[in-house]
Amino acid sequence: MSTLVIAPLLVALVTAILTLLTRPSDLLQRTVSLLGGVGYLVAVAALFDAVILPLGGESTTLVYQVSNWAAPFGITLVADALSVFMLALASFVSLLVLVYSVASIDAFGQRLSYHPLYHFMLVGVTGSFLTGDIFNLFVWFEVMLMSSYILVLFYSGREHTRAALNYVVLNLIGSAVMLIAIGGLYSTTGTLNMAHMAQLLSNPEPHNVAVLPVLGLSAVLFSVFALKAGLAPFQFWVPAAYRAAPSPVTAMLAGVVKKVGVYAIIRLYFTIFAAASIDLSFLGISGDSFLGFFGPVMFAMAAVSIILGGIGAVGRDDVDGILAYSSISQVGFIVLPLAVAATAPSETVRDLGVTAALVYAFNHGLAKSLLFLASGTIQDVVGSDRLSDLGGLADRAPVLAAGFLLGALTLIGVPPLSGFFGKFLVFQAAAKAFAAGAAGAGLALAVALAGAILTIAYYTRAWNAVFWGRPSDAVNAALPDRWSVGGGDVAMTDGGSGGLKRLELTTQVTVVVALAIAAIGFGIGFEALFATADAAAHAALDTNGYIDAVMHGPGVGLESGGGHA
Amino acid sequence: MTQVFLAAILGILFMIGTYLVLRRDVVRVVWGISIISQSANVYLVTMGGFDGLAPILSGHGGGGPAPSDPIVQALVLTAIVIGFGTTALALVLTYRVYEEHGTIDMYELGGSR
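As they're listed, the protein sequences go chains A and B.
In terms of numbering that gives the first Met the number 0, the first sequence opens at residue 0 and continues consecutively.
In terms of numbering that gives the first Met the number 0, the second sequence opens at residue 0 and continues consecutively.
No lab work stands behind these hints: they were computed from the structure.
Remember, it's a predicted structure, so these values are computed and weren't measured experimentally.
Hints are not guaranteed to be accurate.
Non-contacting residues of chain B with respect to chain A, defined by C-beta distances greater than 10 Å in every case (computed) [stated by the list, open to error]:
1) Phe4
2) Ala65
3) Thr93
Calculated from the model, a selection of chain A residues having no Cβ within reach of chain B, i.e. all distances over 10 Å [stated by the list, open to error]:
4) Leu19
5) Arg22
6) Val41
7) Glu141
8) Leu152
9) Leu171
10) Gly182
11) Ala218
12) Val313
13) Phe426
14) Leu442
15) Ile452
16) Ala517
17) Phe529
Which residues of chain B face chain A? A few of them, derived with a C-beta cut under 8 Å, are [as the list claims (entries may be wrong)]:
18) Ala7
19) Arg22
20) Ile35
21) Met46
22) Leu76
23) Thr77
24) Leu92
25) Val96
Quick reminder that beta carbons are idealized off the backbone N, C-alpha and C, glycines included.
Chain A extracted, bound-state conformation (with noise of 0.2 Å):
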């Protein structure tokens, strides 16, 4: 029992209603947003510190019983080394994506609540990672996904309206099916806690729980979850909501809410359903366990994801729509070591697909809002995101353009970068797997291989003709003269989309580099990210440790169960 579970989560809300209370003045709401932010990173670094330390050392599981009502009764909040992991890449992108929007988001848009919304989006995140009940789970995605929906629509005109009306027509019918199949777990197994659901589903025959229609309904809320991070087949809405947002909130759509879709997955598949035992081969799959199902759904839509984005991506012929199909794409790869995991041999192979999913989903949290946010920065001086009109920026915007690449390399996989490291765990896992022989542990890295070529692809295609050759007309009306970070020796002209300050450029530029050098450092540094990441591995295959964790409390008997351990 500790209450430091709820820090962050507190913290997060606190901030949204003072920004609701301080929308008169500018201000001190900028302000109180960024204390905010700050205050929240604070907090997950907190919890992350008595989850986590000391590094590579053995992690404790927080767990907070809300109101004192012990599990299964109450709500259950559990911060382990996964949910700290995922806290952590969230509070970090949100502080930085919250710097650079207070800078480019106009004054009009500010008052127009969105720092709430921020705020709010922030705290559905939170609780997504935190909860450790079900149905808590759908209301923290809605609290999420609810903020998202304005956010996307922000600006609210003809293209943003008709993004977020498929955006909030496909999540609702996604709450719905959500809704569905959690009702439906409630019906077959009779809790709704997930670590009381993982014990019962470990030990079904004394509590007459029926494992089958589980392994039914939790595949219906696999496609709830595929749906939220943008997994093929359903990531047709991505490109053009992904447009639509202003471009901190799709740095923070990509960098950090697609990643609650891919932590409710390791969660539930690989934590609490994969407790369960059943005989797969009516279905032609060998394998007793809920993972053999699912690693090959997985698999195929991490593939179709990876080659589907990678070759959207290549086709795009805007930066930002390159930017979202290479999103498609690197979710895919995020779930690819995660398929390898489901349908692993050995325990080590299996502990090390799931490092390699975090390290990667790290990695694109960093780099990709990184990219997202450059792009917003061109189209801010340059007043356009389409290749054709741009081209030169490297000699206009140097500082600018060093960000973009790094972050581009670090997507791509080149060493000094994190990024690399996240590729090359990718690689490592599904060769392993190969040398044990596991079936489609080849394709798997056919696949991968195939992805990290078409990343190539297109990152080299968006880098040459947006920051090599001749200065466009566009760039150069907007940028006559060389300008950079930090006093460039000719001050910018107000040009492009007009009336930008030099200051807010300069910060939106700042955050760009804060967040390569972010990125360099994780790959200098990357030890203790490996280290991070192993342990949030080892927490979300212990599902033992999950349940001892949440089930220890008055007037609840411990069992043993069956799961692996």
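Got chain A sorted already, so can you dock chain B onto it with the hints?
Frame of chain A, contents of chain B only:
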């Protein structure tokens, strides 16, 4: 018996909802979503079973049958509130779409571009 009856009703509700979601008219799509989310609520209640009294009545005056599962009702209450919020948003969004595009016909709104 009640369960079978409700299952049939649920099937019909989902059918109507799906039919409406596939219409060209955005307002009908919103109606369809609304019906689908309401049927999800009915489904949730159904999952609790019908073999007891209302929780608040049982146990008073001694004895009496066991209460129905109150949890599903609490869940549905939450889901209904969320559903109201999102439906209101969807309707406002429909209005905005009409303002921006001058039509609420899905075909005329066009594809993803």
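Status of the hints after comparison with the structure:
1. Phe4: holds (17 Å)
2. Ala65: The assertion about Ala65 (chain B) holds, with a minimum of 14 Å to chain A.
3. Thr93: violated (8 Å)
4. Leu19: Leu19 (chain A) clear of chain B: closest Cβ-Cβ about 16 Å, beyond 10 Å.
5. Arg22: The assertion about Arg22 (chain A) holds, with a minimum of 20 Å to chain B.
6. Val41: holds (31 Å)
7. Glu141: violated (5 Å)
8. Leu152: Contrary to the label, Leu152 (chain A) does not stay out of reach of chain B, its closest Cβ about 7 Å off (not over 10 Å).
9. Leu171: violated (5 Å)
10. Gly182: Contrary to the label, Gly182 (chain A) does not stay out of reach of chain B, its closest Cβ about 4 Å off (not over 10 Å).
11. Ala218: holds (17 Å)
12. Val313: holds (17 Å)
13. Phe426: Per Cβ check, Phe426 (chain A) is outside 10 Å of chain B; nearest 33 Å; holds.
14. Leu442: holds (30 Å)
15. Ile452: Nearest chain B Cβ is 26 Å from Ile452 (chain A), so the label holds.
16. Ala517: holds (33 Å)
17. Phe529: Non-interface label on Phe529 (chain A) holds, nearest chain B Cβ at 39 Å vs cutoff 10 Å.
18. Ala7: violated (16 Å)
19. Arg22: violated (12 Å)
20. Ile35: holds (5 Å)
21. Met46: holds (4 Å)
22. Leu76: violated (12 Å)
23. Thr77: holds (6 Å)
24. Leu92: Since the shortest Cβ distance to chain A is 6 Å, the answer is holds.
25. Val96: Holds, about 5 Å.
Hints 3, 7, 8, 9, 10, 18, 19 and 22 from the list above are not met by this structure, while the remaining hints are.
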